[in-house]
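Participant: Using the hints provided, position chain W relative to the given structure of chain V.
The residues making up each chain are set out below.
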Amino acid sequence: MKNRLSSITSRMDKLYEFDRESVSQAKLQSGGKFAGLFAGEHVAATEFVIGAFFVLHGVSARDLLIGLLIGNLLAVLSWTFICAPIAARTRLTLYWYLRKIAGPGLTFIYNLANALLYCILAGAMIAVSATAVGLAFGVKTPSLNAVFPSSLGWVLITLAIGILFIILAILGFEKLSRFAEVCSPWIFVVFIAGAIAMLPRLGVHPRLDNLWEIARTKIWNGIPIAGQDKFSIWHIIFFAWFCNLAMHVGLSDMALFRYAKKWTYGLYSAFGMYPGHMLAWICSGVMVAAVGRQMDPGLMAFEAAGLAGAAGVLFAGWTTANPTLYRAGLALQVITNWPRWKITLFAGLLTTFLSCFPVVFMKLLDYVAIYGLILMPVGAIVFAEHWIFPLLKIEQYRAEKYNWLFNWRASISWFGTLAACFFMPIHLFFRWLPGYFIALVSYVLLMALKRK
Amino acid sequence: MNKIIYAFVSLLSLAACILSPLLYFLGKLTEENYKLVFLIASLAWFIFATLWARERKKA
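Protein chains in written order, with this note's numbering: chain V, 7 to 458; chain W, 35 to 93.
Here chain V stands alone, though its shape is the one from the complex (with noise of 0.2 Å):
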């Protein structure tokens, strides 16, 4: 068991080969390319259904404006103070970094964990685009509550997406990372064109002199639909900031702040969060309003904005489905070894099986909570071992410095959180904060109790 635990490992680290060094200072990237990495990778097809969400949810429109600025602000300051001063100081991936303090055991575990994450959220990716494609077949999106695929109709189109987005992707991986840089402004561009031209539906006049009178009684008017629970402003700050928490408090974009010429480059990820996430979320709560509150991505963006508008969902979830296919693919081919192409269909079809079911999308806001507390404690953990450890004179890397294959304080840390966390008696948004302060605290007494 331990010599195969060992052989993948090894495995591991030639696939991650590339990037084992710190990044030299000639390689150091410039501001501008940052905020136009934030701004393309923030608008995915997700963002239809989150912002409708919202609406479907009963959010006021004050709640939604004042949370939003407040969540993606936090999560802007996520990015800055936590995720980019540590990969500024060590220029490595959280792979390599995250391997010196939990040994290539854990390491291995984190990346399959992150590895089935990605698939549910291509399948998610997959359905979303699903919507768009079923309108042309008159194949209805399943209902809100539905757990199941609700027809044949909607299995052959998710399965033959699926299908398409695979061999795409097993094709050409560069070249539809090409394809994706020209999309996204675009894609950026369908949510503000669809959300203008759903005004008048609503009954906003030229003149904009009732814009803020149909947003609070039309739109956000405070009312969820039937089956959903309400949200109050806390929750709108708490998803925006937790909506990519495996990212900054996670340390994962660590693979890119390494580049980053200052950890100040942090705040290049407000035009991630503020063109990027605000926009859409208002942009599709617009539109959904406009159908009358259904969550069909498709319909809304092909009611908005006709034959492009639904183009517009089927790329959106083609090209955020595409790289993380890619990243499920290359966490998952150190377990079996196989060639690319054979690990991109494992895992484009275990992708597809669960774009089938509804549920994968219809819970998407659950899902995302969900898929940033798995993986926050690793975050924590990392924080602990980079700034706390050196205060309080702990050793720094004795996974690395003692051959370690599993550093065990930190595996009982993060699943000792994970176990604390499903037992909180509070709304699953905001049981992440808490959960990152027992992986912190945990793991530093843990550590503490072995020092020499």
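Hints listed in this document are in silico derivations from the structure and should not be mistaken for laboratory results.
For clarity, every value in this text was computed on a predicted model and none was experimentally measured.
Certain hints may be false.
[As the list claims (entries may be wrong)] Below are the DMTMM-like pairs computed for lysine to aspartate or glutamate, each with C-alpha atoms no more than 20 Å apart in a straight line:
#1 W:Lys92 x V:Glu187
#2 V:Lys39 x V:Glu187
#3 W:Lys91 x V:Glu187
#4 W:Lys37 x V:Glu187
#5 W:Lys62 x V:Asp215
#6 V:Lys106 x V:Glu406
#7 V:Lys456 x V:Glu406
#8 V:Lys39 x W:Glu89
#9 V:Lys369 x V:Asp235
[Stated by the list, open to error] One side only, chain V facing chain W, incomplete, derived with CB under 8 Å:
#10 Pro191
#11 Ile198
#12 Ala199
#13 Ile202
#14 Ala203
#15 Leu205
#16 Leu313
Heads up, the beta-carbon is just placed ideally off N, CA and C, and yes, glycines get one too.
Facilitator: Just chain W now, with coordinates in the frame of chain V:
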């Protein structure tokens, strides 16, 4: 030279994508015409932005 033309036309088409819903909102375009302009401008964006990206890569 090509690079400049492709960049100009692609940005112009993106601007048309933004302007068409605005004109519809202001009552200067019908819904059908807005959707048609948006579709054509979107196609133009994909063609010229792809050519622009290719030129940038060459450079």
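Participant: None of the hints should be skipped; say for each whether it holds.
Facilitator: How the hints compare with the structure:
| no. | hint | result |
| --- | --- | --- |
| 1 | W:Lys92 x V:Glu187 | 16 Å, holds |
| 2 | V:Lys39 x V:Glu187 | 13 Å, holds |
| 3 | W:Lys91 x V:Glu187 | 13 Å, holds |
| 4 | W:Lys37 x V:Glu187 | 17 Å, holds |
| 5 | W:Lys62 x V:Asp215 | 19 Å, holds |
| 6 | V:Lys106 x V:Glu406 | 5 Å, holds |
| 7 | V:Lys456 x V:Glu406 | 15 Å, holds |
| 8 | V:Lys39 x W:Glu89 | 19 Å, holds |
| 9 | V:Lys369 x V:Asp235 | 12 Å, holds |
| 10 | Pro191 | 6 Å, holds |
| 11 | Ile198 | 7 Å, holds |
| 12 | Ala199 | 4 Å, holds |
| 13 | Ile202 | 4 Å, holds |
| 14 | Ala203 | 4 Å, holds |
| 15 | Leu205 | 6 Å, holds |
| 16 | Leu313 | 6 Å, holds |
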